[in-house]
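Colleague: This is what each chain is made of:
Protein chains: 2
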Amino acid sequence: MLKSWTPGEEPDKDEMKVQLEKTRNRLYDLQMKIKEHKLPVLVLFEGWSAAGKGSMIGKVIRNIDPRFFKVATMSAPTEEEVRRPFLYRYMKQIPEEGKFTFLDSGWMEQTVKEVLNGELEGDAYERRIESIRRFERQLTDNGYLVLKFFMEIDKDEQEKRMKKLLGKEDTKWRVTGFDKWQNKHYKKCENVFDRYMKDTNMSSSPWYIIDAKDKKWAELQVMDTLVSSIEVALQNQSHSVPILQNVFPLVKMPKLKDVELEGKTIDEEEYQKELKKLQAKLGELHNRLYRKRVPVIITYEGWDAAGKGGNIKRIAGALDPRGYEVQPIASPEPHEKARHYLWRFWTRLPKDGHIAIFDRTWYGRVMVERLEGFCSENDWKRAYNEMNEFEKELHDWGAVIIKFWVQIDKDTQLERFNDRQNNPEKRWKITDEDWRNREKWDQYEEAVDEMLKKTSTTFAPWHILESVDKKYARIKALKIVIEEIEKALK
Amino acid sequence: MLKSWTPGEEPDKDEMKVQLEKTRNRLYDLQMKIKEHKLPVLVLFEGWSAAGKGSMIGKVIRNIDPRFFKVATMSAPTEEEVRRPFLYRYMKQIPEEGKFTFLDSGWMEQTVKEVLNGELEGDAYERRIESIRRFERQLTDNGYLVLKFFMEIDKDEQEKRMKKLLGKEDTKWRVTGFDKWQNKHYKKCENVFDRYMKDTNMSSSPWYIIDAKDKKWAELQVMDTLVSSIEVALQNQSHSVPILQNVFPLVKMPKLKDVELEGKTIDEEEYQKELKKLQAKLGELHNRLYRKRVPVIITYEGWDAAGKGGNIKRIAGALDPRGYEVQPIASPEPHEKARHYLWRFWTRLPKDGHIAIFDRTWYGRVMVERLEGFCSENDWKRAYNEMNEFEKELHDWGAVIIKFWVQIDKDTQLERFNDRQNNPEKRWKITDEDWRNREKWDQYEEAVDEMLKKTSTTFAPWHILESVDKKYARIKALKIVIEEIEKALK
Chain A
1 MLKSWTPGEE PDKDEMKVQL EKTRNRLYDL QMKIKEHKLP VLVLFEGWSA
51 AGKGSMIGKV IRNIDPRFFK VATMSAPTEE EVRRPFLYRY MKQIPEEGKF
101 TFLDSGWMEQ TVKEVLNGEL EGDAYERRIE SIRRFERQLT DNGYLVLKFF
151 MEIDKDEQEK RMKKLLGKED TKWRVTGFDK WQNKHYKKCE NVFDRYMKDT
201 NMSSSPWYII DAKDKKWAEL QVMDTLVSSI EVALQNQSHS VPILQNVFPL
251 VKMPKLKDVE LEGKTIDEEE YQKELKKLQA KLGELHNRLY RKRVPVIITY
301 EGWDAAGKGG NIKRIAGALD PRGYEVQPIA SPEPHEKARH YLWRFWTRLP
351 KDGHIAIFDR TWYGRVMVER LEGFCSENDW KRAYNEMNEF EKELHDWGAV
401 IIKFWVQIDK DTQLERFNDR QNNPEKRWKI TDEDWRNREK WDQYEEAVDE
451 MLKKTSTTFA PWHILESVDK KYARIKALKI VIEEIEKALK
Chain B
1 MLKSWTPGEE PDKDEMKVQL EKTRNRLYDL QMKIKEHKLP VLVLFEGWSA
51 AGKGSMIGKV IRNIDPRFFK VATMSAPTEE EVRRPFLYRY MKQIPEEGKF
101 TFLDSGWMEQ TVKEVLNGEL EGDAYERRIE SIRRFERQLT DNGYLVLKFF
151 MEIDKDEQEK RMKKLLGKED TKWRVTGFDK WQNKHYKKCE NVFDRYMKDT
201 NMSSSPWYII DAKDKKWAEL QVMDTLVSSI EVALQNQSHS VPILQNVFPL
251 VKMPKLKDVE LEGKTIDEEE YQKELKKLQA KLGELHNRLY RKRVPVIITY
301 EGWDAAGKGG NIKRIAGALD PRGYEVQPIA SPEPHEKARH YLWRFWTRLP
351 KDGHIAIFDR TWYGRVMVER LEGFCSENDW KRAYNEMNEF EKELHDWGAV
401 IIKFWVQIDK DTQLERFNDR QNNPEKRWKI TDEDWRNREK WDQYEEAVDE
451 MLKKTSTTFA PWHILESVDK KYARIKALKI VIEEIEKALK
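These protein sequence lines are chains A and B, in that order.
Numbering-wise (UniProt numbering), the first sequence opens with residue 1 and increments by one.
Numbering-wise (UniProt numbering), the second sequence opens with residue 1 and increments by one.
Just chain A, same shape as in the assembly (with noise of 0.2 Å):
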């Protein structure tokens, strides 16, 4: 891509601010369209070291209201951040609808120095690979516009630039180490930028090399490129996509009628003589996965009054607060919304050595998400192989993941929905809305049999806790946890 790329043909002086001017005005009435449209744009700019990305950001910026968009510089990543999976400060900065996000610069930088340092290569290399096209492909898929701008320049002016920086007081600390030597290897380093940008050039999100040699120039490009891409987003807002095969091994799920729930009992005894053994073992494991630095992700789905908030406490009680965190999930925010629905997961993601436990999850996308129509039917058909994709990240950063399907049957539901009605203590508990899920029944049942079979993949299977009687689920879920973390530990 970049050693094929020739340089397009500079307009003279004259013509150049005319357009330049035309483009200006064009992004300036673009902005209210996004916002109108509610788009959302992802620019992001790579390039060679000193090419301008920085001034050039500042001189796209001008023409749009400061509340409509957000700029990134994305320097080394922080401690909190290498302990997270490689994409989830990238996905920490994506915009909300109608809003623009600039990154200086994206997630290329970081993976070609990996692969120039020597430290990512061979299959590596290519799980990266996989894993951009992935993250590239479910935004874009989900209404994003991402414009990847590659700012080049050639060697000689690249050095003459940087000798220009090196000769002033006030800016010889904008030349790091590896900008020189990114000069002096300059070959080498675009041998590495070629191929990366062959291997993440799709249809959908493709390179655009900007010839930065030139400002005024440069920036007409960029313009352009930019005014012409939205006006296409805008055209393709009420898009379908197509449902991808599934690619990962999955393990076989029963249908919720087919799960026996009668003699799944406990007596109360053996109940907390197993609890606190269980519990005593699992506080062990976790100092254990803290050393090693596993982190663990628990979640919880299951029938309303199944008993999801009990067995969360049992697991939780025998945890260090320190190292842990419940998240609860309820309808998204506002500015949730706004994003990405797996955004408000992404960033709730534990650091590794922690346990992170979701009490309800992204699976709300292909059960109330789709039963209630708050998204279109493509969106949640495609949601299946964008959870595995999300969940095969988490795994491939070494992540234990743990699923719950909390079970019980309808008449056990309508006993507790009763019990927490004819209980003042308990009636918070129980909304108007538990009322109208529940007349919703098979319906549910027919996506949740659908979800289990989609999504139970082999590095993130579905695990069924029978909760007819609340303490055997709570001692199955301690045993699996318990079980799936031993594993991960060897």
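Hints may contain errors.
Any copy will do: because identical chains look the same in the list, a pair fits if it lies in one copy or spans two.
[What the hints assert, rightly or not] Here are the simulated DSS-like cross-link-like pairs (lysine-lysine), alpha carbons at most 27 Å apart as the crow flies: (1) LYS164 to LYS410; (2) LYS13 to LYS257; (3) LYS252 to LYS13; (4) LYS392 to LYS198; (5) LYS155 to LYS215; (6) LYS476 to LYS164; (7) LYS487 to LYS276; (8) LYS38 to LYS381; (9) LYS3 to LYS198; (10) LYS3 to LYS453; (11) LYS255 to LYS17; (12) LYS216 to LYS252; (13) LYS38 to LYS163; (14) LYS92 to LYS198; (15) LYS198 to LYS113; (16) LYS17 to LYS313; (17) LYS255 to LYS215; (18) LYS381 to LYS392; (19) LYS172 to LYS187; (20) LYS453 to LYS113; (21) LYS351 to LYS22; (22) LYS163 to LYS440; (23) LYS255 to LYS213; (24) LYS22 to LYS252.
It is worth saying that the hints were derived from the structure and are not from the lab.
Dock chain B against chain A, hints included.
Modeller: Only chain B this time, still in chain A's reference frame:
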């Protein structure tokens, strides 16, 4: 892809029957929607020998009215096809809008065979993949639904099926030597297939692997994917596409207004002498071209009454009629309009060693179609790149591409128009449309300038023929054709 694939879960017999019935009815209903929405659907069946590609197509088409589909069995290319670019015979088969084409099998089979035979490796393989990716992207960008199925069976199953076929006199012939070889070298083939599928798995035309061991189950998988993909595609009919950056090296072209016409003349005696000499030379070269099997494509665009016809006559006059063809291009016929706009040019390509002279060309897309609104803005803006890609394909095939723009000024055109109008023998040459186009001279000039700027690649540059003196233009054309052919023959 293929190697990491795991089969989905097969429903039980009763369930399968119900679901099959459902998808069959759905496909039956969808065929009218496809017609109504003018969606063209291209379905490729690839896969292992004896995996049941043919019989699968037989089952699918049972649900479709025979007027709405075509089945093409792509065996080894014929001699005529071998003498054309690799993609020619596949492009020939693409469906009209509103119809299906089923291919048994597509461009994968031929490619992987060449790899397995050791005929396609390294850079040549990379180029092939790029060309296939461009081809598929051009189809989907232009509104085609492209569905790629891979029919998967394991080694033992394949062996079993072949044995069965070989056991009967009536079916023995169906197992070829290659099929046997494939079974023996199953692992090696799987690696090549896997790599090819990974290289060509795009979000706009993804691969679907079909577990083909059980016939009913395979049918259900195919029908399910077919139906849901059609449903998605029907929602995306007015979908715009990102405008890709030019990746090909360009030759700088002057603006039309800067082309010097004055003094570009030749006197009669000199003209006759040169014409004779150059035509003889071209005649000789034509023989050498034929022997070396180099294809030549000469294209003419230019103002009405600029003298294209007479110019073409002087080129053609030098050639052996068995080795060239003039392709006059008028507005597309209904069956041409119903396909990708490049289809009617792909199907008119010369054999290698032959010369095709196009009197008007694919560049109509960015001139008349642009200005008269026959295609959308997104369509013609995308076309510059699509046409460059098309010519890159021809260049990689080995073709010499010579593109002429025949230039006159507005006054000269008026003179010639009046002359035609006033001369009963020439009156057929002038139409109301010519006068209407003349009124849009400035708009056309702008469009032509943009076209020359964006499509004059180093491998297929534009040449301007100053044609106020038609004889001058003819001599210049002959010289350029000779020069370009000589370069290619070296």
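Colleague: Hints first: check each against the structure and report whether it holds.
Modeller: Results of checking the hints against the structure:
Taking CA atoms no more than 27 Å apart as the test, LYS164 paired with LYS410 passes in neither setting, with 75 Å inside one copy and 52 Å between copies. Taking the shortest Cα distances, LYS13 and LYS257 sit within 27 Å of each other only across copies (19 Å), while inside one copy they are farther apart (74 Å). For a Cα distance limit of 27 Å, the shortest separation of LYS252 from LYS13 across copies, 17 Å, qualifies, whereas the shortest one inside one copy, 66 Å, does not. Taking CA atoms no more than 27 Å apart as the test, LYS392 paired with LYS198 passes in both settings, with 24 Å inside one copy and 18 Å between copies.
Proximity of LYS155 and LYS215 under a CA criterion of 27 Å is satisfied intra-copy only: 17 Å inside one chain copy versus 60 Å between copies. With identical chains, the CA atoms of LYS476 and LYS164 are never at most 27 Å apart, being 67 Å at best within one copy and 51 Å at best between copies. For a Cα distance limit of 27 Å, the shortest separation of LYS487 from LYS276 inside one copy, 21 Å, qualifies, whereas the shortest one across copies, 87 Å, does not. Taking the shortest alpha-carbon separations for LYS38 and LYS381, both the intra-copy value of 22 Å and the inter-copy value of 25 Å come in at or below 27 Å.
In the homo-oligomer, the alpha carbons of LYS3 and LYS198 lie at most 27 Å apart both inside one protomer (10 Å) and across protomers (23 Å), since each shortest distance falls under that limit. With identical chains, the CA atoms of LYS3 and LYS453 are at most 27 Å apart between copies only, with a shortest distance of 22 Å across copies and 46 Å within one. In the homo-oligomer, the alpha carbons of LYS255 and LYS17 lie at most 27 Å apart only across protomers (19 Å), although the nearest pairing inside one protomer, at 66 Å, exceeds that limit. Proximity of LYS216 to LYS252 under the C-alpha cut-off of 27 Å is restricted to the inter-copy arrangement: shortest distance 20 Å between copies versus 59 Å within a copy.
Neither within a single protomer nor between protomers do LYS38 and LYS163 lie at most 27 Å apart by alpha-carbon distance, with minima of 44 Å and 60 Å respectively. In this homomeric assembly, LYS92 and LYS198 come within 27 Å of each other (Cα to Cα) only inside a single copy, at 26 Å, whereas the closest approach across copies is 29 Å. Within a single copy, LYS198 and LYS113 get their C-alpha atoms as close as 17 Å, and across copies as close as 25 Å, so both meet the 27 Å cut-off. Proximity of LYS17 to LYS313 under the C-alpha cut-off of 27 Å is found in neither arrangement, the shortest distances being 66 Å within a copy and 46 Å between copies.
Taking the closest pair of Cα atoms, LYS255 and LYS215 come within 27 Å of each other only across two copies (25 Å); inside a single copy the shortest separation is 62 Å, beyond that limit. With identical chains, the CA atoms of LYS381 and LYS392 are at most 27 Å apart within one copy only, with a shortest distance of 18 Å there and 38 Å across copies. For the homomeric pair LYS172 and LYS187, the shortest alpha-carbon distance inside one copy (24 Å) is at most 27 Å, but the shortest distance between copies (58 Å) is not. Taking CA atoms no more than 27 Å apart as the test, LYS453 paired with LYS113 passes in neither setting, with 40 Å inside one copy and 37 Å between copies.
For the homomeric pair LYS351 and LYS22, neither the shortest alpha-carbon distance inside one copy (47 Å) nor that between copies (47 Å) is at most 27 Å. In this assembly of identical chains, LYS163 and LYS440 lie within 27 Å of each other by CA distance neither inside one copy nor across copies; the values are 70 Å within and 53 Å between. When the C-alpha separation of LYS255 and LYS213 is checked against a cutoff of 27 Å, the pair qualifies only between copies, where the shortest distance is 24 Å, while the shortest distance within a copy is 62 Å. In the homo-oligomer, the alpha carbons of LYS22 and LYS252 lie at most 27 Å apart only across protomers (24 Å), although the nearest pairing inside one protomer, at 59 Å, exceeds that limit.
In summary, the numbered hints that this structure violates are 1, 6, 13, 16, 20, 21, 22.
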